[in-house]
Structures are given as C-alpha cells and as structure tokens.
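Novice: As a plain string of letters, each chain reads:
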Amino acid sequence: MVSDGETIATGEWYPPHSSAAVPARLLSRGGRLIAVTAEDAALSDGAIGKVSFTARVGSIPRRAVFTDGSVFESADNDAIDAFLRAGGKSGWVHRLEEFHPRIFVFAVAVVLLAVGIYRYALPALVEVAIFVTPPVVSEMMSYGALNTLDTTALSPSHIKEIRQAEIADRFRKVAANAEGGADRYVLNFRNGGLIGPNAFALPDGNIVLTDQLIELAGGDDEMITGVLAHEIGHVEYKHSLRQLYRAAGVAGLVMLIAGDIGSGVEDILTQGGGLLALSYSRGAEAEADRRSVELMRKAGMDPVAIARFFDLLETKLGDHSRTSMLSTHPGTPERKQAILDYVEILKRD
Amino acid sequence: MDNRVSAGAAANAFERARFTGTASEYFGIWIVNVLLTIVTLGIYSAWAKVRRNRYFYGNTVLLGRSFEYHATGMQIFIGRLIVVAFVIVANILAVIHPLFSLVTTVLILIALPWLIVRGLRFNARVTSYRNVRFDFTGSAGGAFVSVMLGSLVAVLSLGLLAPFASRWLNRYIFNNLRYGNRPFDTDPKLGALYGALVIPAVMVVLGAVVLSALIAIIVVGIQASDASSVESDPLIFMVVSGMYLVVFGLIIIYGLAGLIYRAAVHNIVWSSTRIDGRHVLRSDLSRARYAWIAISNVVVTVLTLGLMRPWAAVRLARYVTEHTAIRIEGEIGEVFTQFEASGTAVGSEYMSMEGLDFGF
Numbered sequence: 036m037v038s039d040g041e042t043i044a045t046g047e048w049y050p051p052h053s054s055a056a057v058p059a060r061l062l063s064r065g066g067r068l069i070a071v072t073a074e075d076a077a078l079s080d081g082a083i084g085k086v087s088f089t090a091r092v093g094s095i096p097r098r099a100v101f102t103d104g105s106v107f108e109s110a111d112n113d114a115i116d117a118f119l120r121a122g123g124k125s126g127w128v129h130r131l132e133e134f135h136p137r138i139f140v141f142a143v144a145v146v147l148l149a150v151g152i153y154r155y156a157l158p159a160l161v162e163v164a165i166f167v168t169p170p171v172v173s174e175m176m177s178y179g180a181l182n183t184l185d186t187t188a189l190s191p192s193h194i195k196e197i198r199q200a201e202i203a204d205r206f207r208k209v210a211a212n213a214e215g216g217a218d219r220y221v222l223n224f225r226n227g228g229l230i231g232p233n234a235f236a237l238p239d240g241n242i243v244l245t246d247q248l249i250e251l252a253g254g255d256d257e258m259i260t261g262v263l264a265h266e267i268g269h270v271e272y273k274h275s276l277r278q279l280y281r282a283a284g285v286a287g288l289v290m291l292i293a294g295d296i297g298s299g300v301e302d303i304l305t306q307g308g309g310l311l312a313l314s315y316s317r318g319a320e321a322e323a324d325r326r327s328v329e330l331m332r333k334a335g336m337d338p339v340a341i342a343r344f345f346d347l348l349e350t351k352l353g354d355h356s357r358t359s360m361l362s363t364h365p366g367t368p369e370r371k372q373a374i375l376d377y378v379e380i381l382k383r384d
Numbered sequence: 403m404d405n406r407v408s409a410g411a412a413a414n415a416f417e418r419a420r421f422t423g424t425a426s427e428y429f430g431i432w433i434v435n436v437l438l439t440i441v442t443l444g445i446y447s448a449w450a451k452v453r454r455n456r457y458f459y460g461n462t463v464l465l466g467r468s469f470e471y472h473a474t475g476m477q478i479f480i481g482r483l484i485v486v487a488f489v490i491v492a493n494i495l496a497v498i499h500p501l502f503s504l505v506t507t508v509l510i511l512i513a514l515p516w517l518i519v520r521g522l523r524f525n526a527r528v529t530s531y532r533n534v535r536f537d538f539t540g541s542a543g544g545a546f547v548s549v550m551l552g553s554l555v556a557v558l559s560l561g562l563l564a565p566f567a568s569r570w571l572n573r574y575i576f577n578n579l580r581y582g583n584r585p586f587d588t589d590p591k592l593g594a595l596y597g598a599l600v601i602p603a604v605m606v607v608l609g610a611v612v613l614s615a616l617i618a619i620i621v622v623g624i625q626a627s628d629a630s631s632v633e634s635d636p637l638i639f640m641v642v643s644g645m646y647l648v649v650f651g652l653i654i655i656y657g658l659a660g661l662i663y664r665a666a667v668h669n670i671v672w673s674s675t676r677i678d679g680r681h682v683l684r685s686d687l688s689r690a691r692y693a694w695i696a697i698s699n700v701v702v703t704v705l706t707l708g709l710m711r712p713w714a715a716v717r718l719a720r721y722v723t724e725h726t727a728i729r730i731e732g733e734i735g736e737v738f739t740q741f742e743a744s745g746t747a748v749g750s751e752y753m754s755m756e757g758l759d760f761g762f
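Protein chains in written order, with my numbering: chain Z, 36 to 384; chain S, 403 to 762.
So that you can see chain S by itself, here it is in the shape it has in the complex:
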C-alpha cells in the first residue's frame, strides 16, 4: 500500500470510485436501526443515523481508500432535542396567541441562512478521507443568496431560471468546500445547465398537453351524458378520478422531470469541479438510468412494505458512486486537516427534519 497516489503509469487517467456495500449486509443494519428506533420511542434514531452514514461513507471507496463519518449519536441527539424543544415551544406560543406564530416564523426565516451554514459545516467536518477532514467555509449571507433567493427565483420563474439557481447553489457549496488545506472549486457553465433543462422542459410541456387532453375527454363525456343525471354514480366517479388524475399527474410529471434535471446537473457540476486547482472530478450518470433506478426503487419499496428499502438504497448509492471518477494531476502529497472540533448538530438536524437535505 503506497502512501502516495502516483501519477506514474496511469497518468491523466480517470479512476472510478467503487461502492463495496451489499444489500444483505445493509439489511441487517437497517432492520436493527428501525427496530431499536421503535423500541426506544425514537431516541435511537440519532445513533441509527450514525450507523447508516458510517456504512455508506465507509463503503464509498476512492483510489483504494474509503470515506469515514465521524458524527456521534449524542451530537445528533442533542441537535434533535433542541429542534424538537423549539418546535414544541413555538406551537405552545402559537396556541397562546396567533401573533406568536408570526414571530416564530419570522425568527426561523431570519435564522435559516445561519442554520444552513451550520448544517453544511457540520456535515463537512464529520466527513473524512485518508484521516483528513473536510470543511465548509461559506457565510450566512452566501447561504441566503444562493440557497434561499436561488430557490425562490427558480420557483417564481416556473423553473425557467432554475439553471441560475443551480449555478449559484453549487458554486456556493463547492467553492466553500475544503479537503483539509486543499480547496474545491467549480464553475458550471450556464449554457450547459440550460442544456440540462431542455429534456425536463419538454417533458413538462408534453405532460401538460396529455393531461389537458385527458381532462377535455372527461369534460366532453360529462356534457354528452344526459344533463338531468349529472349526479349519477359513474359521472361522480369520473369527476373525482379526473381531479386525482390532475393532481397525481402533475406530481409525477414534475417528479420525473426533476429527477432527469438533477442527474444532468449533477454531471455538469461534478465534471467542472477541481480539487486544489488540479485534480479533476467527473460524473457520468445516465439520466434515463438514474430516473429508472429512483422510480423503481420507490415502487419496489412500497410493494414490499419497506422491506426492500436497504436493497434500493444500496442500489442507488452504487450507481451514483460508480459513475463518479477522479483524475489526479501529479501527486496529492500530504494533506493536513485544520481543525479538531465539529460542534453540535443543530443546523444539520434542523435541515434533515425539514426535509432540506444537502448531500455531497
């Protein structure tokens, strides 16, 4: 085992990452996590998260070495306690007077950029590779602009400005990321990001056309039938199923378009990222395959009452990991880590409880 990654024989060649976890091994970890979480009324979930992350990080192997997750269950438990206590206090205040819920909402909005930074920094600092920790140096102001304003712009423009939001978000995350004393930098091009938007946009337009055609058929069907029996069973059934068709149809179309866009952006961002100004990353996910894995994972998990979830999680992790590669320019040399403590997990826990999850 060489202590240096040599650029000798395989100069300028990309080396793919590997995922060494297996569904059967993770099944054991997962089922014990769920069981102990239920038995301890949720308290164990903090330690469960640590074991889950240690398993996935520890099985992600790059250049022969794996990643390591260092957070402790106690750190995450304390973070969750603070979040839960805050939610309870906020709800009690809201009951005492409706005005208080306005105050707590404003407080959360003001604190959100700070919480985002805390979460990103915590997650970076509890991750290591070759005994060297990652770090995140972004500011709360940057989080406000790139994460909050960015997502607002993307939503308000109905997705048309999503590439701008993707660019701001990923530049904020990667340009503030450090591996020990080595910086990351990325500059995804707007043109490429708009290219990533073409297929999802076409999908949304086509989906909307098909949906409105179906609705038109239903409306015509209602009008064609005898007006005096407007309340008959099959018609009510048609109206109700039409409403469900619209709601679920829109969710499915946007979900699918989102998956395709996400995979394309992931490729663009990772492939334009460099470490220490030299070492190049690359990602070559197939959009169709990524979407297929994500969707079939959900279907299989639901059909097996959740019991195939470990298989699904390992399958997705393996696909993403094995389509990530790095090319070392020269030698990495010795990398130093710059800090020791990683603090509490409040920001990180708030993020994961509110469903905003930023993964690296």
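Extracted from the complex, chain Z is given alone in its bound form:
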C-alpha cells in the first residue's frame, strides 16, 4: 500500500499542463514524495530533493511541482512548512513577513532608512558623481545651452566696446582670486530681451551678463562686479551639475521602490522632488552670495556691493517678496541681511 507513509497535506493534484484536478494527499515515504488519490492510487512519485515547493507568501495555496510537470496544490501552508522545516528547508522571508511586533520595528527602520538615504547617502552620491564627471560633460552642456539661448532669447549686446572692456577688466580682477584663475571664466555680453536684467553662469565658466542689468546698475560698476562674483560662485560650487544629479538621484530613488508605492503616489513624489529641488537652489543662492562677498574682499572691492543690487531690485522692481515654498531664490531682504552678517563674520577673523 502506498498510503503507509506519513501524510503531509491534503489538496488537489493536477496532471502536467492540464486543468483536470483530482482530490489528493501528499505522502512522504522512504525518502520519496508521493501524491495519491482518495483511493490510495499513486498519481506522482518523486525523490524528496527533486520535488520543488513554491515559497510561502501570505496564506496563498502552495504547490509541490514534480519533475514530470504534475502539481500537487494545497492551502495547508503550516503542514507543508512543518514538513519542509524537518528537512532543514524553510522560508525565512515569509517568517519576516508575518504580522508580528517586529514588523513595527521594520516600519520604523524603513522610515529612518528613507530619511537617512535622502539626507546623507544622496548628497554623498552626488559628490561622487560630480567627482567622476569629466569636464567635457559640462563643456558640452554649456555649449548647447548658450547656443539655444542665442538663437531664442538673447541677441548681440548694444553696450559700447569701451564700456564692455571696463566691466570685463573688473571681472578679471575678481576672477583672478577664484578657483582656476581668471582664464577659467569668460564674460559674455548679450542683449537680454525678454530675460531682462540678469546674469547667469554656465557650468564650464562662461558667464552671461545682459545689457539690461548694466543699464539698471546706472554706473555702479562695483555692484555689477558683485553680481558677477556671485555667478563665479555658482561655477566654483558646480551648482547646476549638482542640481541635475540631485534631481536624477531623487527620480532614481522613487523608481527604486516604485513597484511598491502605487502610481498616484509616485507622481506626487516626483512633483514633491521638484519642490525640494527649489529649496536646494535657495541654499545654492546663499552659498554664491557668500562667495561674492569673499571674492570682492580679496579683490579689494566693496564686499557688500551685491547687497546694493538687492536694494535696487527692491526699489526699482518692487520685489519685497519673502522666501516661500514656491521660489527658487531666497527673499531679497533676507539675502541682503545674510550678506551683511557674513561681512561682519569675515571682519572678525
């Protein structure tokens, strides 16, 4: 009689690749696993090591697959576990997943890990990425960006050559103390058009100054130089590359656990990542402001010249806006105060 063995579980038996289920029992006898019908007729027979059991997930039915493709299926998970454990095999992942007080420890661990990765691992990864990025990457990016801007928003400057030379001269004095020396930075004059009074830095050291900003300054050349020193700071700290890598890192993190967070939430996380990137860029602006103060001091010019630019923004453009969740730049009054504070700190040293 085949039923002399020990019954492991009851369930159903399927022939290979067929839906014709038969009520059955799974027996263990003499190192073999045997599926038998209610009338003890043998259905499948295999050596214990050759029969594979599906891993336990929750309380879904388990399957024992014989080498010929026939399958014994049973919902009696505990009985199958007891048998497998006796054979030295069991599912450690399933034991972790059981609803047990330790699951709350896991929940706390997940939250702490997520915060930790965002706060510490992501910035570290960004630094590594910046370190291994060859200069050719930022040159390519800058070349493309300036080309695009020249064909769309910007046009050639109307400022006289002599005036341009004056500003460029001061710019070189400030840049001489910056990382890489004066030759690393190139000042470009452009008519800003719709962009208006502005100055911006490209990652390769090209800095663009618009005619409108020069006009707005009304002869205060130190102020213009202060703004340019701020842009040099952006280049030195590689702010644009850093921001790019941060955005990519956040997107990567969202993708990493995307399968388990759900599609609606995934979209919200991506949008939230954008808002957080704004707060990062506020930090970058403050950093560049402080660099402006340092560079101006070293060049023997008025370190708070850039603060006058903020005064100008306030009076002429009426920008009293304070920092908010939605802004890329810190509020103007706050920036001015931070610059004055920083000058005091530098004086004390």
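Among the hints, erroneous ones may be present.
[Stated by the list, open to error] Negatives, chain Z to chain S, calculated, CB over 12 Å: (1) Ser53; (2) Phe139; (3) Ala144; (4) Ile152; (5) Arg205; (6) His274; (7) Ser275; (8) Arg277; (9) Glu322; (10) Met336.
[As the list claims (entries may be wrong)] If you want the footprint, here are the derived chain Z segments under chain S, 3+ residues with CB under 8 Å: (11) 93–105; (12) 130–136.
Worth flagging that the hints you see were computed from the coordinates, not collected in a lab.
For each residue, glycine too, the CB sits at the ideal point set by N, CA and C.
Put chain S on the given structure of chain Z with help from the hints.
Specialist: Frame of chain Z; chain S shown alone:
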C-alpha cells in the same frame, strides 16, 4: 472538491470572483519588500515584485480556485539589468554626441511594438489558473496600430476619439489572449464606449469653465488694485497661486475624468468578453465608488507617509475583483496548456519602468 465546474443547479448564474487577501497580511509582505529593497540597494526589488504579484494573484479566487504568478526574481532581475544597461549606454552616447540621443530614441520607437508584445506575452505566460497558463499571441504590427497609433489618435483628438483607441487596444489584448488552448474574444461596441465618455467629457468642460472663472476673478482682482503697486506681496501671491491653480486644477480634472472613463470602459470591455466562445465575463464597477477608492487611497497613503499603502492596494484589488464575475455555459472540461518556457522579462520590465503598465 469537484474537478469540473458544473452547470447543473446554478445554470446560467454569474459567479463573482473573491479577493481573500488582507491588509495586515500584505503589510508584512510589503514592509519586508521595501526594507530588503533598500538594504540591497534595489536588487531585491525584482524578488519583491514576484512576492507582491504572487500574493495578489494567489488571493484572487474564481470558482473556488486561485490564480498563480510564476515569474522568478532572477528573470525579472535580468530584464531590469538589460534595461538599465541600455539606459546607461544611451546616456553615455548622448553625452558623446547629441546626435546619438536621436538615434537611440528612434531605435526605442522602432523596438517599442516588439517590447509591448514581449511584455504582454511574458505577463500572460507567467500567469496560471488551475495549473493552466495563459498565453498572448498578438503581433508587433498589431501592437503598433492598437497601442501606439491608438494612444496618439486619442491624444491628438483631445480625447474625442478615445473610444476608438479603447476599442482597438482591448480587442488587440483580449482577442490575442489564450487560456491554455481556449481563446478569449471581445467586441466592445463603439456606441457603449462613447456612452462611457459622456460623463468624463462633461466633467472636463465644467472643470474648464470653473477654472477659467477663477482665473477671471484673479485677473480682475489684479487690475482693480492700484496699478503702481503691481509688485506688492499679495498680488504676486495671487499670480503664483493662480498659476498653480491652473496647473493642478487641470491635472485633477483630467485625472478624475480619466478614472471615471477607465472604470466605465473596464465594465464594457469585460462584460463583452467571452472565453472559448461560450463562457461570459461580467464587470459591474460603480464609477463613482471606483474613483472614490482610487482618490482616497492616494490621499490616505500620502498622509500616512506611505504606511497605509498596503491597505490601499488591498482595498482597490478587493473592489475590482469582487465586481468581476463569470458565467459558465455547459462545462469547462479539461483545458491544456500549450507551452512551457516563458523567456526573459525584458519587454515586461521595460514597460513597467517606463510607466506603461498593462494589467489583465
């Protein structure tokens, strides 16, 4: 346990599917999935996907038997490795010369129909019911027309031709689906699909009217205030919040209309689907309830920092499953599966990473 589904006493009666999973049980699986994914720097996510799918398939019970998901973590891991390697190579090429990014984009577009077919076939072949696997026999040409051209037509017509796209897509998917040696067929009627579009279309129109009214109020408010103080704080705040109102308002309106449309189409398509030319499927989701569950799920998940996600996932799965039913005509008899191997998961993984997810 009878080995046949009898049509005896309950002849011609629909039997509903059941979902037997629970939020507390899935919470354990989910939190361990997330934890191990983080600890292994993402490598475990392939095995996590297998455990998640096995849990949801295994708890979907139809006529007393559950579904089973057979993909292995290694298959999915290899699929992901290939996708990630391709993305890295494409990005390096794009840095070397901008023209390369054009080439890789064109390559992906050409390969996309093929990837869609691979993904659909992989997902069908790793799914079984009563020990018999599903299969998908669609061609890449069919995927190009029904999936890519269809979605293009729906977008270009601002949604007005969406019912055509829904019809092409679902006929392509279901008419190429096999349960073992038994075919599926579906023929959703255009009239019914246009009926499904009425409420979403009204929602979009009404939403646009309300949004433009709000914008008009803001514009009037800006003009009414003293022109010399155009840059004052409250006004800048109004302009900025107005911009956000428009952007988020449009996203919410389209999202909500999309949910309502999706639920209605799901009902129409499933209710017009037959298996083996005889057995009839039916779906009776309530559009309002479906939309409510989907939206409140997102809100609750966000408010609990993701920790209620298992509850939300189980809740939606239970609602959809329990509003799906089947009526067996005569006897199913013995169904055979026709193949054994299921291949690698490249197409499937590309789909899930790009956010195009086709579920059955």
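Novice: Going through the numbered hints above, which ones does this structure break? Give me the numbers in ascending order.
Specialist: 1, 2, 3, 4
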